[in-house]
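Chains as they are written, first to last, in the numbering used here: chain A, 1 to 476; chain B, 1 to 362.
One or more of the hints may lead you astray.
[What the hints assert, rightly or not] BS3-like mimics (lysine-lysine), calculated; alpha carbons at most 27 Å apart, straight line: (1) B:Lys257 - A:Lys184; (2) B:Lys138 - B:Lys152; (3) B:Lys234 - B:Lys263; (4) A:Lys373 - B:Lys263; (5) B:Lys138 - B:Lys170; (6) B:Lys186 - B:Lys49; (7) B:Lys113 - B:Lys138; (8) B:Lys186 - B:Lys152; (9) B:Lys152 - B:Lys113; (10) B:Lys170 - A:Lys49; (11) B:Lys23 - B:Lys49; (12) A:Lys49 - B:Lys263.
[Unchecked claim] Rough simulated footprint, nothing fancy, chain A against chain B, three-plus residues with beta-carbon under 8 Å: (13) 60 to 69; (14) 129 to 140; (15) 156 to 168; (16) 285 to 292; (17) 303 to 309.
Rather than coming from a laboratory, the hints here were simulated on the basis of the structure. A quick note: this is a predicted structure, and the numbers were derived from the prediction, not measured. A virtual CB, placed ideally from N, CA and C, is assigned to each residue, including glycine.
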Amino acid sequence: MSDRTLLVGPFNRVEGDLEIRLDVADGRVSAAYANSPLFRGFERILLGKQPQDALTITPRICGICSISQSAAAALALAACAGEQAAPEGARIAALLHGVENLADHLTHFYLFFMPDFARPEYAGRAWHDRAVARFTALQGSGLRAATEARAGLFHIVGLLGGKWPHTLAIQPGGVTRAPTARDKVRIGADLRAFRRFLEAELFGAPVEDFAALDGAGALDRWAGGDAGLFLSIAEDLDLAALGPGPGRLMSFGAYPGPEGTVFARGTWEAGRIGPLDPGDIAEDLSHAWMLGEAAHPEAGQTLPDAAMRAGAYSWCKAPRLAGRTMETGALARQAVDGHPLGRALAAEGGVRARVAARLLEIARTQIALEAMKAAIAPEAAFMRPLALPRQGAGAGLVEAARGALGHWCRIEDGRLASYQIVAPTTWNFSPRDASGTPGPVEAALVGAPVGPDEDTPLSVQHIVRSFDPCMVCTVH
Amino acid sequence: MSQIETFYDVMRRQGITRRSFMKYCALTAAALGLSPAFVPRIAHAMETKPRTPVIWVHGLECTCCSESFIRSAHPLAKDVVLSMISLDYDDTLMAAAGHAAEAAMRDTIERYKGNYILAVEGNPPLNEDGMFCISGGKPFVEKLRYAARDAKAIISWGACASYGCVQAAKPNPTRATPVHQVITDKPIIKVPGCPPIAEVMTGVITYMLTFDRLPTLDRQGRPAMFYSQRIHDKCYRRPHFDAGQFVEAWDDENARKGYCLYKMGCKGPTTYNACSTVRWNDGVSFPIQSGHGCIGCSEDGFWDQGSFYDRVTDLTQFGVEANADKVGLAAAGVVGAGVAAHAAISALKAAQKKTQSSKEEA
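Just chain B, same shape as in the assembly:
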């Protein structure tokens, strides 16, 4: 493996200065929520470790994940991350085409056997022997299995690869199947969302390239650093929810005042993602800020949970929130108990939901 350049070599070759490099390390640490003490560690890792090759393939999808990725506001992403991972193979962005592209993928796999990360955007349809998504004359599922065989780890970009997303919505005409149900012998990290937030994507990939391991995952296989809180928890309209101030109709007086969108069908209370903190398009805004409720696009099976404009009705957290408010007036020790109960009930709720959806499928 000694012939592979380090990240730093690659960056220098791309004309990135030492100063920019150090800035990048510092900002990366901040983006990942690490203390400044990690900056030298990140720098050291990048100077000494061979860069990790990345193969990026596309199945049934709409390319929204790539679109999101290339707009990342991540520190110097355009200059650094892209050149660092250098996407040894990418269907949408690479230079080669046709047979040359197929050869490039074979070469990358051979050269970096067992050492590359496979990034999957979209998913394979399994009906009719996979004939609904043909790439290079073969069903995409074969390309996926082939590329996965020698991968070190797999990133499932977006709701498509993680859960199936829109093409898997009922009746799932092509039997679109998430990656982890096809590839079962590799570590898989799910980065759901439709698409995922750009900064989350670059954050995850930078972490993996820097520390050479998966970030801490929650029990659904999502990176905990970005998916451990509900949109609702950090929503800037949350005070209006707690105060019982709701938008009743589009563009009504309450909408202009920025009241809570819960009654307009917002799924923020049941959705785990970083939209309300990281936000979108360089941190400009996010759907709730634009006056439309969250549709829950980072949750499993969000297409088949009823209309996007129906109110969330199985939200027993309502009572819990009220309790928490009341408890807030009481002693601190009781507050702790309230928070713990809240967490327990949320987890229970999630578990119930899972059983319900699996029953429905059965």
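Chain A on its own, in the form it takes in the complex:
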């Protein structure tokens, strides 16, 4: 078979637009180039605005992870003022954020990732009939159940945040809604309903059982629910070996509350967990249609190169930690947090690991949310009066469903003088940097099998979707 180049895209069932160019040699991908073809210019729109308007503008970057953007903006503004949110307000913000991330994982599994296994190309496989019944796009029974469970879960955000997407309740000083004892009961009911869905449909067992899995061996034996169906598909198609990441994972730490974060901050490499210094982050622009030099987001700019110069191929900047690519997402969070199954999956590192880590995180987040709910103290203060300074700078680092999200802002004369956003998919789907090192997804695609008649290779679909890309966040 002769060498050829494929242009794969648009990718449907990912959030936003994505196009990937593949060089194929001997039936395998030899090089990949990820292009984020959508640019809106949020970082430019924010300049000169009143600082607190970032709370309304940045969530509009993404309709799926709007609370993550909201939480990062609130933290960044609080940091500008050198303050922190009221502790109980932080707990409610964490609860809102956890609900959104949990719902995103569910959307990814049922609406975006699994429908690929219902494709006719897989007809004849032992699991295909079940996959078709459960996961056919727009129709499968699993999709319907998940959509319904998700809408029910979002009642919590409706209650505490007024509306979703684009909730306004999270502020630098806390949250605008002080939950009452009655709200607490209703949140409990919504969480119990969601737990019933997880245990009946997704895991086929108590969520605690899945959260207690301690390694790849225990995971292999799991047969319950849609999780079990996924694992048997993964075994049949050897998804564990497909699409390995860079072997370096990074998490900003998720859900800061009065008792600390729920999932720890740090890095993971070759089985070792280490500290993370956000000062080591820099965005490289060598292969992006952006003007300027590589810079830390505090000093970064967003100047689109209207000439779309040759040599560059994406609107996406290339963030690096100490000059190296990092993968971010649920896999990173669970490994960095030191969960035994998370660490085992990090060592495995492929498509199966990413999806299984999300399942693990679904189970653990459900448990964490129940604890947050139980700790709500309705009589407490949920907002601290907090005046934004005329001058100041700060960063808000959070964990969106898809991974590490950072906002860096600077206020001058009471207006936003700089605002830089680095989203999880910016890390995962970054283009090459000045040294020519490909981004995590570009590297993960190398070696993926491509059939002679395939022009939209299935392996590529699985690998790309295993990262759960959110392309509108990527470039913003």
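Following the hints, position chain B against chain A.
Coordinates of chain B only, in the frame set by chain A:
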């Protein structure tokens, strides 16, 4: 067109019972504010009319409209509306990908020429020949024009498609442009909001599929049934506004008492939408109920009207409200005059606002 199934055929194929179908018709009539006499009409239309194909495309946007749509609490929306319109083409939710997806869109357009509804989420950026939003190797604006050419009507979902929304906020780096400024030869219905309320979305689409025509629109092209009242008009905190009881700071005593958020920058008095009646997330709440003011996301150019936390200062309705209250104590005939004056002043105010914003752009 005889080969196209009816709505009812599609529903039966999806395993929906006759009983559920009738329930759906009844609830649809209620949701649209129609009398029970319309129920048989809706049922008849669905049994006899070929279903209307829908193509749903995405430009510069954040997918919040789709997110809102799939959470609709609309009667049986998950089972009925989705299968009924069956989204012949949808970027975010469909099964196909890549070239197969492009082909699916071409096929749908060819097969249902002149007979499908084009639903647009997001908008096309026109700077640099549209290069800021590329879909399938071509600028989104081309895909939009191509899909619009043979569409029966167009739905502009959300503030993006209707007005430009956040990416069109100053300085509008990509020259993001609302749909009606690009497509000028088709009936367009605007369903603004960021995102629009799910029930409003399903309500509009159900109306169009059932009655095969656009609902009554206001002069901005929005469906009057959902956009004819201000948030303020039906806000449950309105009595506190009238009584002069306001939240002065976040989470203060007044906030806990649920006083009016006007002083915290609430744009409810100048925003036309159904949030305070239909509410969000299955009717659970809406932003004002969560203690945060309305930001006016269903109004044109709401991004560039000053800070979201600044008080609305051009609100001359203040005087009108006071008058209306006083008038309320007087004779009924005078009340009628007061209401008419109120409406006239509101309309005048809106017209002034429009001139101001167009001057600013000039």
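Against the structure, the hints:
1. A C-alpha spacing of about 18 Å is found between Lys257 of chain B and Lys184 of chain A, which places the hinted pair at or below 27 Å, so the restraint holds.
2. Proposed proximity of Lys138 of chain B and Lys152 of chain B is supported: the alpha carbons are some 24 Å apart, at most 27 Å.
3. Proximity of Lys234 of chain B to Lys263 of chain B is assessed by CA-CA distance (about 18 Å); at most 27 Å being required, the pair is judged to hold.
4. At roughly 31 Å between alpha-carbon atoms, Lys373 of chain A and Lys263 of chain B are farther apart than 27 Å, so this suggested pair is violated.
5. Between Lys138 of chain B and Lys170 of chain B the alpha-carbon distance is near 26 Å, which keeps this suggested pair within the 27 Å criterion.
6. Between Lys186 of chain B and Lys49 of chain B the alpha-carbon distance is near 22 Å, which keeps this suggested pair within the 27 Å criterion.
7. A threshold of 27 Å between alpha carbons decides the hint, and for Lys113 of chain B with Lys138 of chain B the separation of about 22 Å falls inside it, so the pair holds.
8. Between Lys186 of chain B and Lys152 of chain B, the direct Cα distance comes to roughly 7 Å. Compliance with the 27 Å bound is thereby established for this hinted pair.
9. With a C-alpha separation of about 8 Å, the suggested pairing of Lys152 of chain B with Lys113 of chain B holds against the 27 Å cut-off.
10. For the hint pairing Lys170 of chain B with Lys49 of chain A, the CA-to-CA distance comes to about 10 Å; that is within 27 Å, so the pair holds.
11. A distance of roughly 19 Å separates the Cα atoms of Lys23 of chain B and Lys49 of chain B; the hinted pair therefore holds under the 27 Å criterion.
12. Of the supplied pair hints, the one linking Lys49 of chain A and Lys263 of chain B holds, its CA atoms being roughly 20 Å apart against a limit of 27 Å.
13. Closer than 8 Å: that is the beta-carbon criterion, and the region 60 to 69 of chain B has 9 residues meeting it against chain A, so the requirement of 3 holds.
14. Counting residues of the region 129 to 140 of chain B whose CB lies closer than 8 Å to any CB of chain A gives 7, which reaches the minimum of 3, so the coverage claim holds.
15. Coverage of a stretch by a chain is defined here by at least three residues with a beta carbon nearer than 8 Å to that chain's beta carbons; for the region 156 to 168 of chain B and chain A the count is 3, and the condition holds.
16. Against chain A, the region 285 to 292 of chain B contributes 8 residues with a C-beta closer than 8 Å to a partner C-beta. That satisfies the three-residue criterion, and the hint holds.
17. A stretch counts as covered by a chain when three or more of its residues have a beta carbon under 8 Å from one of that chain; for the region 303 to 309 of chain B and chain A the count is 4, and the coverage holds.
In terms of the numbered hints stated before, the structure departs from hint 4 and from no other.
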